[in-house]
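> Residues per chain are reported as follows:
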Amino acid sequence: MAKDEKAGVGRAVGRRADDPIALGLRKLWADVEQEDVPDHFLDLLDRIDDHRATAPSESSGAENPAATALEDGPRRAGGDRL
Amino acid sequence: MTADLVSVSRTGVAGEPPEPPAENVAAADAEFRRDLVGIIPSLRAFARGLCGNRDQADDLAQEALAKAWGARRTYTPGTNFRAWIFRILRNHFYTTAAVARRFTSYDPEAAERLLTTPPNQGGERMLADLQRGLRALPDEQREALLLLESGLQWAEIADVAGVPLGTVKSRITRGRAALKRYIEGPEDRPSARATAANPG
Numbered sequence: 003m004a005k006d007e008k009a010g011v012g013r014a015v016g017r018r019a020d021d022p023i024a025l026g027l028r029k030l031w032a033d034v035e036q037e038d039v040p041d042h043f044l045d046l047l048d049r050i051d052d053h054r055a056t057a058p059s060e061s062s063g064a065e066n067p068a069a070t071a072l073e074d075g076p077r078r079a080g081g082d083r084l
Numbered sequence: 664m665t666a667d668l669v670s671v672s673r674t675g676v677a678g679e680p681p682e683p684p685a686e687n688v689a690a691a692d693a694e695f696r697r698d699l700v701g702i703i704p705s706l707r708a709f710a711r712g713l714c715g716n717r718d719q720a721d722d723l724a725q726e727a728l729a730k731a732w733g734a735r736r737t738y739t740p741g742t743n744f745r746a747w748i749f750r751i752l753r754n755h756f757y758t759t760a761a762v763a764r765r766f767t768s769y770d771p772e773a774a775e776r777l778l779t780t781p782p783n784q785g786g787e788r789m790l791a792d793l794q795r796g797l798r799a800l801p802d803e804q805r806e807a808l809l810l811l812e813s814g815l816q817w818a819e820i821a822d823v824a825g826v827p828l829g830t831v832k833s834r835i836t837r838g839r840a841a842l843k844r845y846i847e848g849p850e851d852r853p854s855a856r857a858t859a860a861n862p863g
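Chains A and B, in that order, give the protein sequences.
Per the working numbering, the very first residue in the first sequence carries number 3; after that it's consecutive.
Per the working numbering, the very first residue in the second sequence carries number 664; after that it's consecutive.
Derived by calculation from the structure, the hints in this document are not laboratory data.
Note that beta-carbon positions come from the ideal geometry of N, C-alpha and C, so glycine has one too.
Take these hints with a grain of salt, some might be off.
As the list claims (entries may be wrong) - Result set (DSSO-like, lysine-lysine): computed pairs, CA atoms no more than 27 Å apart in a straight line: (1) K29/A to K832/B; (2) K29/A to K843/B; (3) K843/B to K832/B.
To be verified - Covered by chain A, per the in silico footprint, the following chain B stretches (three or more residues, Cβ under 8 Å): (4) 699-707; (5) 720-728; (6) 736-746; (7) 749-760; (8) 836-844.
Kindly generate the complete structure, drawing on both the sequences and the hints.
Okay, here's the thing in structure tokens:
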């Protein structure tokens, strides 16, 4: 009995192609992945790039470039500071 | 003796690691940036699943990006970048969630109002129920289920969450069972109540 239960658990946690919960979770994930990436995400990386270009000492690892480049914090669409 | 010489030549004087050539650093940073750009959609999906709220999720994903960039020297190239950055995101999620919980309490009615579009098709209804059920799960179970369906293996999920493999399996099993109960239990389903009230 215990062995059967254990085997059942093993099946239950496995990925099954026809399992509606797994399919639904995958769809929820895929729907977000397929959305266009908002501009403010790329703006964030551009600010990182700007910092890289203006802070040659960064390569020493003596400072945290993200903390400096991103000290304003992330921004939402429209440029609002959070 | 030979080992000592090798050690000195690799680490420099006083045990300090030698500074890599600037061009190597630039190339590594450029590659890391490409990886960051490529992982943004998955980061947003993971964050959305954890938060259940688009704006909060995007804030969380951006914070994870910034933290990942700041910690890029700690990433070992060739290891699992996806698991590494997911771990950063989830750690930040739990840190901020712990702070938020000091000031707010969970309001299931308010959470339900966040889903403003009434689903009208079978598949959409199921997905809406799944989203609500996901939100009702404990964070750790929700996280494990999301990571599994993101494509990570159990061992990778255990690494991201910092728990033993058995704990991951337990969380997934319990989470799936709870979701199944939520979806199949008409008394818990807002969409089922809507259907009952408006069968046409």
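> All hints are to be evaluated individually against the structure, with a verdict given for each.
Verification of the supplied hints:
1. Distance hint between K29/A and K832/B is fulfilled; the C-alpha atoms sit about 22 Å from each other, no more than 27 Å.
2. For the proposed pair K29/A and K843/B, the alpha carbon gap of about 16 Å is at most 27 Å, so the pair holds.
3. Proximity of K843/B to K832/B is assessed by CA-CA distance (about 16 Å); at most 27 Å being required, the pair is judged to hold.
4. Residue count for the segment 699-707 of chain B with a Cβ under 8 Å from a Cβ of chain A: 6. That meets the three needed, and the coverage hint holds.
5. With 6 residues carrying a beta carbon less than 8 Å from a beta carbon of chain A, the segment 720-728 of chain B meets the three-residue requirement, and the given coverage holds.
6. With 1 residues carrying a beta carbon less than 8 Å from a beta carbon of chain A, the segment 736-746 of chain B misses the three-residue requirement, and the given coverage is violated.
7. Evaluation of the coverage hint for the segment 749-760 of chain B: breached, as 0 residues show C-beta separations to chain A shorter than 8 Å, against a requirement of three.
8. Counting residues of the segment 836-844 of chain B whose CB lies closer than 8 Å to any CB of chain A gives 5, which reaches the minimum of 3, so the coverage claim holds.
Checked against the numbered hints above, the structure violates hints 6, 7; every other hint is satisfied.
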